[in-house]
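Undergrad: Now for the letters of each chain:
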Amino acid sequence: MIQTIEASPDEIYDIELEHSLLEANSQLAKENRALLDRHGVTAIDVMGAIGSGKTTLIGQLVERLKDRFGVAVFNGDATTSSDADLIAEQNVPVVQIATVNGCHLDANLVGKALRKTALDKLRFIFVENIGNLICPAEFPLGSKARVVVVSVTEGPYMVRKHPHMFLGAQLVVINKIDLAAAMGVSVTELTQDVHKLKPDIRVIPTSCKTGDGLDEVTATLLAV
Amino acid sequence: MHELSIASSVVENVLEFVSVRQHINKVLAVKLAIGEFSHVEAEQLRFCYMAITRQTSIQDSTLEIETVEAVVRCEECSYRGRPKYWDDALSVGPIPTLQCPNCGGTVEVVEGNDCAIKSIRFTTEDDGLAIPAA
Numbered sequence: 005m006i007q008t009i010e011a012s013p014d015e016i017y018d019i020e021l022e023h024s025l026l027e028a029n030s031q032l033a034k035e036n037r038a039l040l041d042r043h044g045v046t047a048i049d050v051m052g053a054i055g056s057g058k059t060t061l062i063g064q065l066v067e068r069l070k071d072r073f074g075v076a077v078f079n080g081d082a083t084t085s086s087d088a089d090l091i092a093e094q095n096v097p098v099v100q101i102a103t104v105n106g107c108h109l110d111a112n113l114v115g116k117a118l119r120k121t122a123l124d125k126l127r128f129i130f131v132e133n134i135g136n137l138i139c140p141a142e143f144p145l146g147s148k149a150r151v152v153v154v155s156v157t158e159g160p161y162m163v164r165k166h167p168h169m170f171l172g173a174q175l176v177v178i179n180k181i182d183l184a185a186a187m188g189v190s191v192t193e194l195t196q197d198v199h200k201l202k203p204d205i206r207v208i209p210t211s212c213k214t215g216d217g218l219d220e221v222t223a224t225l226l227a228v
Numbered sequence: 063m064h065e066l067s068i069a070s071s072v073v074e075n076v077l078e079f080v081s082v083r084q085h086i087n088k089v090l091a092v093k094l095a096i097g098e099f100s101h102v103e104a105e106q107l108r109f110c111y112m113a114i115t116r117q118t119s120i121q122d123s124t125l126e127i128e129t130v131e132a133v134v135r136c137e138e139c140s141y142r143g144r145p146k147y148w149d150d151a152l153s154v155g156p157i158p159t160l161q162c163p164n165c166g167g168t169v170e171v172v173e174g175n176d177c178a179i180k181s182i183r184f185t186t187e188d189d190g191l192a193i194p195a196a
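Line order of the protein sequences matches chains U and H. In this text, residue positions in the first sequence follow my numbering: the first is 5, and each later residue adds one. In this text, residue positions in the second sequence follow my numbering: the first is 63, and each later residue adds one.
Keep in mind that the hints are not guaranteed to be accurate.
[As the list claims (entries may be wrong)] Calculated cross-link-like contacts (lysine to aspartate or glutamate; reagent style DMTMM-like; alpha-carbon spacing at most 20 Å):
| # | chain 1 | residue 1 | chain 2 | residue 2 |
| --- | --- | --- | --- | --- |
| 1 | H | K88 | U | E20 |
| 2 | U | K148 | U | E27 |
| 3 | U | K200 | H | E138 |
| 4 | H | K93 | H | E74 |
| 5 | H | K93 | H | D122 |
| 6 | H | K180 | U | E20 |
| 7 | U | K165 | H | D149 |
| 8 | U | K125 | U | E93 |
| 9 | U | K200 | H | D150 |
| 10 | H | K93 | H | E126 |
| 11 | U | K200 | H | D149 |
To be clear, the hints were calculated from the coordinates, so they are not data collected in a lab. Nothing here was measured: the structure is a model prediction, and the numbers come from that model.
Work out the full structure, taking the sequences as your base and the hints as a guide.
TA: What follows is the structure, encoded as structure tokens:
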């Protein structure tokens, strides 16, 4: 939308625009959300670094939910299908979204995956984002909740190094707490860091190895 | 590197803007408004812009980036104003947070999420009288 036209003496023109660069993605995200809402499906966007345990966590949650609800998983991965293959062993619908060189999923790619999915039979879709703690923050996908997974093996400063990721999230999972002592990383301090950024966000410490915290994550997602 | 996709979007929009305005001689500058809460790195964005515009009609134009200050609002205590910053995190600069500077509750962002083209500066072939409104 053009607002004003202003001429300067040397015939240089400045045209003011208010053209949002992320609007196209936001619009598609809204359309994804409307489609999901019409089918009563809750999409959960799972974000986190490579190796934080996103796939394992999703696998554990699928295991806890799949007998009661229809669950599908979209696996975003730059190149491989290893995550998608792993989830497919659980006999739930899986769509692999290969971004090739892309550093994040966007609403367009997720929209394409949604159109390949029989939504009527589903209650949850877990969308595993690309392992990256910066870029996905800027691109909403149409999910009802965004979950950030950080693990203690990533060191003590993961939260403060990537603050933007947490500002837009609804749930933070601190994973691999069974390794916290060995890593010398304090789960309490990581939790405090998250709350400095966003005081009311829920933080759940988990271990996909021992099962700690996974029922709490499941219950939280059921209440989304 | 989401800066690359944002820069691509800037270039696409500017080229489209130019293509429907025959009177434009040369695009001099494109100004972006980037909010404090938006996660865009200015230097990378400039680099991507330069790389993408090479060998296009806007290759000598510059990308100017204006930071939009954040404003937050707290429902709990009705605070409205600048956000609380996390000063002693390891960052190169203070990090804007969603913690209310007044009551410590969680605030909403009112301003500072911007990532938009604010203006385009160009010269025209004639005296500019034929400039269309849109």
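Undergrad: Work down the list of hints and note, for each, if the structure agrees.
TA: Tested hints:
| no. | hint | result |
| --- | --- | --- |
| 1 | H:K88 <-> U:E20 | holds (16 Å) |
| 2 | U:K148 <-> U:E27 | holds (18 Å) |
| 3 | U:K200 <-> H:E138 | holds (17 Å) |
| 4 | H:K93 <-> H:E74 | holds (14 Å) |
| 5 | H:K93 <-> H:D122 | holds (14 Å) |
| 6 | H:K180 <-> U:E20 | holds (6 Å) |
| 7 | U:K165 <-> H:D149 | holds (13 Å) |
| 8 | U:K125 <-> U:E93 | holds (19 Å) |
| 9 | U:K200 <-> H:D150 | holds (11 Å) |
| 10 | H:K93 <-> H:E126 | holds (5 Å) |
| 11 | U:K200 <-> H:D149 | holds (11 Å) |
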